[in-house]
Amino acid sequence: MVERQSPLEPEFHVGSHGNFEHGVEIILTETGPGSIMQLAAWPGEEKKLIAAIRTVTGLALPDGAGGGLSDGVKSVFGFAPGKFTVADEAEGLADAFAKVVTPAIGTVTDLSHGRTAIRIAGPKAEWVLAKFFAIDFALPAFPVGAGRSTTHHDVFAQIQRTGSDQFDIYVFRSFARSFWKALCHASEEVGYEVQ
Amino acid sequence: MLITCPYCGPRDVIEFTYQGDGNRDRPDPASQNFEAWNAYVYDRLNPAGDHNEIWQHSGGCRAHLRVVRNTLTHEILSVAFMRGTHTSTARRKAEDKS
Amino acid sequence: MSPRRTDTGGRIDRLKTIRFTFDGAAYTGHAGDTLASALLAKGVTLYGRSFKYHRPRGLLTAGVEEPNALVTVLKGEVREPNIPATMVEIHDGLVAISQNRFPSLAWDVNAVNQLGGKILSAGFYYKTFMGPVIGPLKGTRFWMFCEHFIRRAAGLGSAGSAKDPARYERMNAFCDVLVVGSGPAGLMAAKAAADQGARVMLADLEPRFGGSANWSDETIDGAPAADWARRTVAQLAGRDNVRLLPRTTVWGYYDNNTLAALERVSDHKEQPGKGEPRHRYWAIRARSVVLATGAFERPLVFPGNDRPGVMLAHAAERYANEFGVLPGERIALFTNNDSAYRAAVALKKAGAAVVAIADVRPEPSAEMRKLAAEAEAEIFAGHAVVATEGGKALSGLKLQRFDMANGSLTGEARSIHADCLLMSGGWSPTIHLASQAGAKAEWNAARQAFLPPKSTQQWPTQHWIGAGAFTGSFSTTEAIAEGRAAGLAAAGGTSTPAALPTVEAIPCDPDPAPVFEIRAKGKSFVDFQHDVTAEDVRLAHREGFVSVEHLKRYTTLGMATDQGKSSNVPGLAIMAEALGKPIPEVGTTRFRPPFAPVSIGSLAAERFGDLKPERLTPMHDWHLANGATMYSAGLWYRPMIYGHAGETVEQAYVREAKVTRESAGIVDVSTLGKIAVQGPDAAAFLDRVYTNMFSTLAVGKARYGLMLREDGLAFDDGTTWRLGEQDFLMTTTTANAGKVMQHLEYFLDVIWPELKVHVTSVTDEWAGAAIGGPKARQILAACVTGTSVDNATLPFMGIVRGEISGVPVMICRLSFSGEMAFEVYSGAGYGTHVWEALIEAGKPFGLVTYGLEALGTMRIEKGHVTGAEIDGRTTARDLHLDWMLSKKKPFIGSAMMDREGLIASDRLELVGLIALDNRPLNGGAHIVEQIDEVNPHGSIGHITACCYSPALGKHIALALVKGGKARHGTRANVSDPLRNRFGPVEIVSNHFFDPDGSRMHG
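Chains as they are written, first to last, in UniProt numbering: chain A, 1 to 195; chain B, 1 to 98; chain C, 1 to 1002.
Honestly, the hints are just simulated from the structure, not real lab data.
Certain hints may be false.
[To be verified] Interface residues of chain B toward chain C, partial, derived using beta-carbon atoms under 10 Å: (1) 2; (2) 12; (3) 19; (4) 22; (5) 28; (6) 29; (7) 32; (8) 38; (9) 42; (10) 64; (11) 66; (12) 70; (13) 74; (14) 82.
Remember, predicted model here, so these are calculated numbers, not experimental data.
By construction, the Cβ of each residue, glycine as well, lies at the ideal position given by its N, Cα and C atoms.
Next up, chain A with everything else stripped away, as it sits in the complex (with noise of 0.2 Å):
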C-alpha cells in the first residue's frame, strides 16, 4: 500500500527545540489517524447516530453539546449541532460507517486526509493554545474527552481534548503546514519536542 504523505513533512523536526534547556513543556506531534469521518444526523435522528457510533467503534458518547471520548485508538466527538467527528487510527472507518448511517439517519463524510491531526501535550498545552484560540482551555471548562469547533485567523480547527494535558486539533489539510509552524513557534517560550 502507498504510504500517506503528511503535509508537514518538510517542517517536522524530531527533537528539541526552543527554551528545551531549562526543561521541554510541550510535546508535539502528528497523529495521523488512518480514518477520520464526518457524521451527521437529520434533526431527530441524532440518538440512532449515535447508537451508530457506539456500534462501530464501541465508544458511547456522553450527552450534550462537544461531549466526546477517547479511548486511546479511537476517538469521538460532537462539534455541532448533530455532528460529529470520529477518528481511528486504522483506515477503513468510512465503509464500516456506511453500513450502519443509513440515509434516515444522517450522511457519513470521508475526512481522512482532508484534515490532519496535531497533538499538544504537557502542562503547557493550555498556555499554548490559548496563543491561538479565544476558548477557554481549563479543565473545568473543556473536560477531558469534550471537542470544540474553534478558529485562529481563518484556520477552522476542532479540539478535542484527550487528556488533562493534552489536546488533539484536527485542521485542514492545506494550514496544517502553516498552522504547525506557528504551534512549533509558539511552543518555543517553553521548550518543546517534536516526537
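For chain A, the structure is supplied; the task is to place chains B and C on it using the hints.
Okay, now just chains B and C, sitting in the frame of chain A:
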C-alpha cells in the same frame, strides 16, 4: 462582544459572521410579486434598540443563530438556532404597525 | 545642590549596579530603578523639550501619567519613541535618548519659540493655515510650504523604519474576576475573590505589585505597608487559581467584560529569553471586573509650573520612599489639600530640608500644622506660588498672599530659595476604564473630582465593581475595606471573613480646596505635553468654543500621548470659570481606548511575516522542487509558471500553453473549492441553488452549473459531480469556495430548514490534477488501471473510478483548457504520488506541467469566465450564459434577474478583443470608440483579462463592452492613460479558439 452560541457557549464576536437583518421574509420561490422580492433583497430594518439579527457561528459550529441585540448598548437579549425558530413574519408585521 | 540618591531606604537593590546610557552619556543605577529614578539619582533635572515652545522640562510624575519626560529607547536599529522615562525599567545595555530637541537637550535652537508664545497659541494651525489664500502668508498653500519646518520643530520622538525583529504575541484568557490595579484595594479584592475559589487575574502596570503601599509611610497590621503588600502578593502567587500579571496595562474595556491588556514581558531584560515575546497582548474575558485603578494627583496651574524641578508631591514621596532618591535638597510645597503634607514628612525623613509649605487654604488643620512641624517646615497659609525661577533646574520661587474666595493676589511677592517645588492640586480617580465601559462620571463637589457612578447605573454589557481611590475613597483603610467587599461581590461570595487588616496612617482630609489656577503673569500650563496654557483655554472660550468637546479639539488639550491624565480636570475647571458655569455643567469627555499607548506589534501579533496562515496544495513541495514560481492566490500558493533557465514569464507560459495544445499539459487544480452535498434532498437543493437542472443528472456524470445571487447577478460557477443518488461533489472557483459554502449553509439553515441536506467542505480531502491535450487520453490509458478511459466508458462529463500506481482515483472528463481533458482526483495524502505517476506516464508523450499563467491563457482563448468577469456586476446574460437559465423551475436569483436594469440593451457584455497594433493589452484598460489621449473619455467598457495567445499568435483580451455582441467585427480602441497605452482593437466573440468545441469532445 461575546455571543453565547447555543451549542458552543459564549464566544468572541470574531468567530461570528453577521448575516443580516432577521426580519425579512423570502417570498415563495415561484412568486412573481416583485415588490415582495425587492423588500426581501433590499429592505433592512435599522432600529435604534432591540434588533432581530442573523449571525452565523462561522468560526465554530457554523450554525446560523437568531440573535436579538440592542444596537445601542450591544446587549444581547437572546440567542437561538435559526433552524426551527422561523418567526420573522410576526416580528416584522408587529414592527411595521408601530 | 541637586537631586541625589539617599544612603538608605527605597526598594532598590544598592548591591546591584546597572549600566546604561542616556543621550550618549554613561550612567549607573540600581536594580529596581526606572530610567527616571536612576537619572534623578544622578542629578539629572532636564529630560525633554516641550512640544510647541521647546521649553525645558523635567519629571512631573513618577508613573504612567508622565507628560514631560518622554524618551526614545533604542534597541539596535529599532527605535521606540515617546516612552515615559518613569515607565522604563533600567537594564544593562539600555540605550535611551531624549526627544524634540536640536541639536541637544541642553541647547535647543527651537527654544526661541518661547518668544513667539502669542502666535503659537490655541488655534494657531487653524488660523494660519486653513481657508482661502489671502495674501502671501495664509491658507493651505502656506501650510504646504511650512509643514516641513513645523513637523520638524513641533512634535515628539520620531519613529524608526528598521524592521522590528522582536516577537509579539496574543494571549486569550478567561477568568471569574479580573482585578485591575494592585494597590491595597486591588490586593484585598484579589485575595477575597481567590479565597472564594474564583479564578482571579490581577494586573498592574508597574513591575512591583502594591501600588501606594510601596511608597506610603503607613503601616498595615503593624508592618510597613510595603511588607504587607509583599506578603499578600506572595500568598496570591502561591495559589493555582490566581494569575499575577505585573507590567501589564489594562488599556481597553469592551463589550461583555472583554478587556485588552498589554504585558511588557521582556522590555526590562537585556535579552529576552529564548522564544520569549517582547510584548504580550492579553484579550481577557472576565465574568466580573474589579477596578482598583487608584487616582492621579493633579498639578496646580500657575506661572512657571512646568519648570524642571516642579513635581507632583506624591511623585517626590515615591522617589524618596520607593527609589531612595531625593528630588532636591531644599524643597518647597504648594498645595490645596492635605495629602502634600505626607510628602513633606517623607522627604524630611529621607534627608531633605522642607523650606516652605504654601497652602492656598487660610486655615490648615491642627493635624497638618503638626505634620509641618514634624517636617520642620514653615507653613504659608493663604499663600500661592506666583512664579518660579531657574533654567534647566529650579532655583527659587515667589509666593504671594492669595484669597481663595476670589482668586486675588495681594501683598509683596516673597522669594524663597528652593531647588524643588512639589505641588498638589487634589486627586482625580483613574476612571478611564469605567468611562470606556460607558459609565458617566459624576462630579463630586467635596472631592473636586469626577467619580465613577454607582454600579447600578452601569452600561448593561459591562459589569465592574470599584474599590479604593478609584471610587474617591482616598484612605488606605477605606481601600482595604472596599477592596475586600468588591472581591467578595465579584466572586459571588457572601461569607464574612475575619477582621480587616488594621491601618496606621496619618489622618488626612480627602477634600481639597476648590482652587485649580493661580492667575498671575506668565505661562501657566494645563496640558504639559501639548503645551496648552490656561490662557489658551480662555482664548478658546473668547473665540466662541463653549462645548468641552470643541475645547479639546481646538486647543488639543488632553489629546497628547498621555491623553490628559493630569490636565483633564484643571482644563475643565478653567473652562467652567470662563463660562461662568459650575464644572458639572461643562461636563467631561468620554475616555477612549487605549488607556496608555500600545505597541502596534502586539496588536499584529503573530499574523505577520512567516507566521501568516497560508494554504498549500498536496503537491506544493513537488512544484517548488521542479522550478515553479509560486503565486499567492488568496491564502493559497499556486504555481504561476514552471520556468526554464533564461525564460521570461511570457515565454514560459506561451511554451506551456503551446505544448498543452500540441500534446498534453498537466496542472494542479487542488485549490478548487469542493463541497460534499449529501442527503435525500441534495438534488432538489441543487436545483434551487443552480440556475440549471441537477436532479436530472445521472449518477456517474458531471454538469457545469451557474449560481446567481438573490439579486439576480451572477455569483459563481463550477462543475458538480453526481457520485451517488444522494451524494454530490460540488466544485467552486478557488476564490469563492468559502463564500459559496456560507451561501449554501445560509439557505439550508435559514430559508429551507426542512431540506435534508448536509454540506461539508472537502476541498482539502482531494488532490486534483487536470490533464489536457490531444495526448491526454493516451497518457491516462498508460497509467490508469481498473477502468478503461475510452470514449464509451468515459464520455464528456463522465466519471470513472480506477487506480493509478496503486492509489484509488476518481476521473472526470471535463475541460477548462478547451482540450480533451480530465480531472484526476485522489486522496490528498496520495496527491504527489499520483501526480508523479501521471508525469512519468506522460514523459513519452511530451507532457508539460503548466501554471496559472498558461491556465489563464487557455481559458481566455476559449472565452471561459472567471472571477474577473463574474465580478458582482454582471448577469448571466452579460456573460452569454443565458442558456443555463432554466425556465422550468425557480432558483436563487430567478425572481430578480429580469429586472429592467439587468436586461437593458446597453449593458456591458462579454466580448473578445484582438490588438490590431500587435502590442500587449492591459487588464483594467478602458475601451473607447475614439481615442483622446489628452482628455480620455467615453468609455464603452474595460478589459478583464488579457494574454498573448500562442494559438492565435496575437495579443488578445476578454472585455466587458456596452452592447457587446452587436459590436462583433467592429473596431474600437483601448485607452489606458495610466500606462500610456492607446491603440486599435477589433471586437470579436469571446470564443477565440475552437468555438465549436471539437477538440474537447474529441
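Evaluated hints:
1. 2: holds (4 Å)
2. 12: holds (7 Å)
3. 19: holds (6 Å)
4. 22: Residue 22(B) check passes; min Cβ-Cβ to chain C is 9 Å, inside 10 Å.
5. 28: Holds. Min distance 9 Å.
6. 29: holds (4 Å)
7. 32: Because about 7 Å separates residue 32(B) from the closest Cβ in chain C, which is inside the 10 Å limit, the hint holds.
8. 38: For residue 38(B), the interface hint holds, since the closest Cβ of chain C sits about 8 Å away, which is under 10 Å.
9. 42: Since the shortest Cβ distance to chain C is 8 Å, the answer is holds.
10. 64: holds (4 Å)
11. 66: Status holds, d = 9 Å.
12. 70: At about 7 Å, which falls below the 10 Å cut-off, the nearest Cβ of chain C leaves the hint on residue 70(B) intact, so it holds.
13. 74: holds (5 Å)
14. 82: holds (5 Å)
Violated hints for the displayed structure: none, as all numbered hints are satisfied.
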